[in-house]
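Work out the full structure: start from the sequences and follow the hints.
Residue 411 in the UniProt record's numbering sits at position 411 of the sequence shown, and the numbers go up by one each step.
If you're looking for bench data, these hints aren't it; they were derived computationally from the structure.
Cβ-Cβ distance ranges computed for the label pairs, FRET-style:
1. T331 - P308: 24 to 30 Å
2. Q33 - S122: 47 to 53 Å
3. N40 - M329: 46 to 52 Å
4. P415 - G192: 28 to 34 Å
5. A96 - N40: 31 to 37 Å
6. A11 - P350: 28 to 34 Å
7. T107 - Q398: 26 to 32 Å
8. Q305 - H281: 25 to 31 Å
9. Q33 - I126: 45 to 51 Å
10. G129 - K41: 41 to 47 Å
11. R310 - D121: 35 to 41 Å
12. R351 - Q305: 34 to 40 Å
13. D199 - M329: 15 to 21 Å
Simulated pairs of lysine to aspartate or glutamate, EDC-like, Cα-Cα distance not exceeding 20 Å:
14. K59 - D37
15. K120 - E81
16. K61 - E22
17. K203 - D252
18. K29 - E58
19. K293 - E116
20. K288 - E339
21. K135 - E81
22. K59 - E22
23. K293 - D276
24. K288 - D316
25. K412 - D252
26. K59 - E38
27. K125 - E84
28. K61 - E84
Backbone N, C-alpha and C define an ideal beta-carbon position, used for all residues, glycine too.
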Amino acid sequence: MLASKKHTRQALSLADKKRICEISQLLVKSTHQQVADEFNKTAERSVQRLMVTKTLREKDKWLAMDESQLGRKRMRGGKFEALEHALSLYLQEARAQGARLSDSLLTAHAERLRAEHNIKDSEFKISNGWVQNFKRRHSIRMHSAHHGGMHVNHGDPDDAKVGDLSFLKLASSIDTTDTPSSPSATPSHLSGIHQLIVDGGFKPSDVFHYDEHVLYYGTPASSLAKSMELAPSRHRPRCRMLLGLLTNVVGDTPMVACVQDVVTSHVFADMLYAADFVDTHPHAHMTKAIFTKFILHINTVLAVQEPPRRILCFLDASPCHAISMEGHMSTICGMRTVELSHMLLAFLPPRVPPHLTPLGAGLTTYFHLQFKITLLKWLLSDTTSPSTSERRTMTVSQQQAQTMLWVAQLWKTIPPSIAKTSWRQSQWLPPSWVQAWEHDDVLGEVEPMAESLMAQAQSTYKELHALYHGASSKEDDEDYAPPPSPSSWAESPPDESEDAVVAPTVCQALDAAHQVLTFMEQHPVVFTHDDVAALLGVANRISGFDYQKDPPTQ
Numbered sequence: 001m002l003a004s005k006k007h008t009r010q011a012l013s014l015a016d017k018k019r020i021c022e023i024s025q026l027l028v029k030s031t032h033q034q035v036a037d038e039f040n041k042t043a044e045r046s047v048q049r050l051m052v053t054k055t056l057r058e059k060d061k062w063l064a065m066d067e068s069q070l071g072r073k074r075m076r077g078g079k080f081e082a083l084e085h086a087l088s089l090y091l092q093e094a095r096a097q098g099a100r101l102s103d104s105l106l107t108a109h110a111e112r113l114r115a116e117h118n119i120k121d122s123e124f125k126i127s128n129g130w131v132q133n134f135k136r137r138h139s140i141r142m143h144s145a146h147h148g149g150m151h152v153n154h155g156d157p158d159d160a161k162v163g164d165l166s167f168l169k170l171a172s173s174i175d176t177t178d179t180p181s182s183p184s185a186t187p188s189h190l191s192g193i194h195q196l197i198v199d200g201g202f203k204p205s206d207v208f209h210y211d212e213h214v215l216y217y218g219t220p221a222s223s224l225a226k227s228m229e230l231a232p233s234r235h236r237p238r239c240r241m242l243l244g245l246l247t248n249v250v251g252d253t254p255m256v257a258c259v260q261d262v263v264t265s266h267v268f269a270d271m272l273y274a275a276d277f278v279d280t281h282p283h284a285h286m287t288k289a290i291f292t293k294f295i296l297h298i299n300t301v302l303a304v305q306e307p308p309r310r311i312l313c314f315l316d317a318s319p320c321h322a323i324s325m326e327g328h329m330s331t332i333c334g335m336r337t338v339e340l341s342h343m344l345l346a347f348l349p350p351r352v353p354p355h356l357t358p359l360g361a362g363l364t365t366y367f368h369l370q371f372k373i374t375l376l377k378w379l380l381s382d383t384t385s386p387s388t389s390e391r392r393t394m395t396v397s398q399q400q401a402q403t404m405l406w407v408a409q410l411w412k413t414i415p416p417s418i419a420k421t422s423w424r425q426s427q428w429l430p431p432s433w434v435q436a437w438e439h440d441d442v443l444g445e446v447e448p449m450a451e452s453l454m455a456q457a458q459s460t461y462k463e464l465h466a467l468y469h470g471a472s473s474k475e476d477d478e479d480y481a482p483p484p485s486p487s488s489w490a491e492s493p494p495d496e497s498e499d500a501v502v503a504p505t506v507c508q509a510l511d512a513a514h515q516v517l518t519f520m521e522q523h524p525v526v527f528t529h530d531d532v533a534a535l536l537g538v539a540n541r542i543s544g545f546d547y548q549k550d551p552p553t554q
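Here's what the structure looks like:
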């Protein structure tokens, strides 16, 4: 008796399943057998009617499949598929806009999504193994590219090159005096934003944008002596704070909400005084209850102003922002809104790239740079004591209070010109406003974001250098003059008068940079490899010396 022929089961690839669904859409009122016959005409293998039937049961799923996943046989989703899908979309949009992809960026956004989906840390741990498996499941590759002669690393932070100013790349890449009219520069969400602003009759001072950002501000032991003895970075506790940042078009009403992990009662009053709104959460996450309290707090502040004020606030449609206001919810200009007595909350459509929002267009980049500079100055000043025993140490609660004070001060002192620049670059302003500003003095206050950040970095570097090598007596009483160009620093001899600012030489600049580098490496939670590379790049620019090509001799 002849043995029966074995039929080996061959699974359809995701591309095949999507193709079957597309054929079903084209062949209206066709049977599943007709769909199978049409597929078999061009496919390398044939399918049976039953396989077509099973595939079409999840037609919407296969049609929505991303192109990068079509080469796989199966879709092996993680335990939290909704979170992974949202994270994959975010990374794809970031790559399409030329942003730098890295494991740290992936991890940071995964942590934010974990909070938005109300997933406990114990249930979902974002380990290095999960990151690598996620990249493999979603075919995400991080490679290097060159933009305008500046090396931009899309891989791990360990691959950062000396002289890389990639933490300024976002502001540099969108810093332009002309507003492009290409489709990529005018997304569909802009029309709804423009119409809502104009139809509502809002003034520039009454149009706000709100977003949340995570701030890692150091280790529990802040003194240099203890930080030198800390365990490897992967074992160090990460002090975390969630910031709710709110600002308007003209930058005259910045507000900040701070969510800490835990605080002690004796410092809570000082923190409330420093910031506009303070609350606590075991993991420093924003929740629906905390966000509702913050919004009601802002609404009350607006109500007691004289005269009372009504504002329009744009924000993303995160689950933690879905406050329950029955009878006050509606849809205006295609956007879901919530109407309070003195606030109109307008939720942005999904998948708006962060860099196409006012806060993401440069404001938060500037703010984080200011915070890192402030912390770095504090660390450097902490080492001026002659003995280790005299150096300051801070408990966790004290460091929380100090960080809260820095955050409130830095956010409220961001120049209005930086806010206006970010709003213009996001293209959220109605065209009529932009045209009016072209004939107004307001336009003169707008400054290029990249130039502002670089000037700040150069000016701050001189101050950091002075902490090590001393400064003239006049420097102690007056502000630093604008930093000269690199060529004048490198070629002109320093003025020998008592009032002159002594410019760092090549060796001094690099020596100071390497000493500052030591502090950065001891605080990897706050300072990234990009910051280290940027510091060396600033040293090169100030000294007019290319350290990569010709290392100096002592």
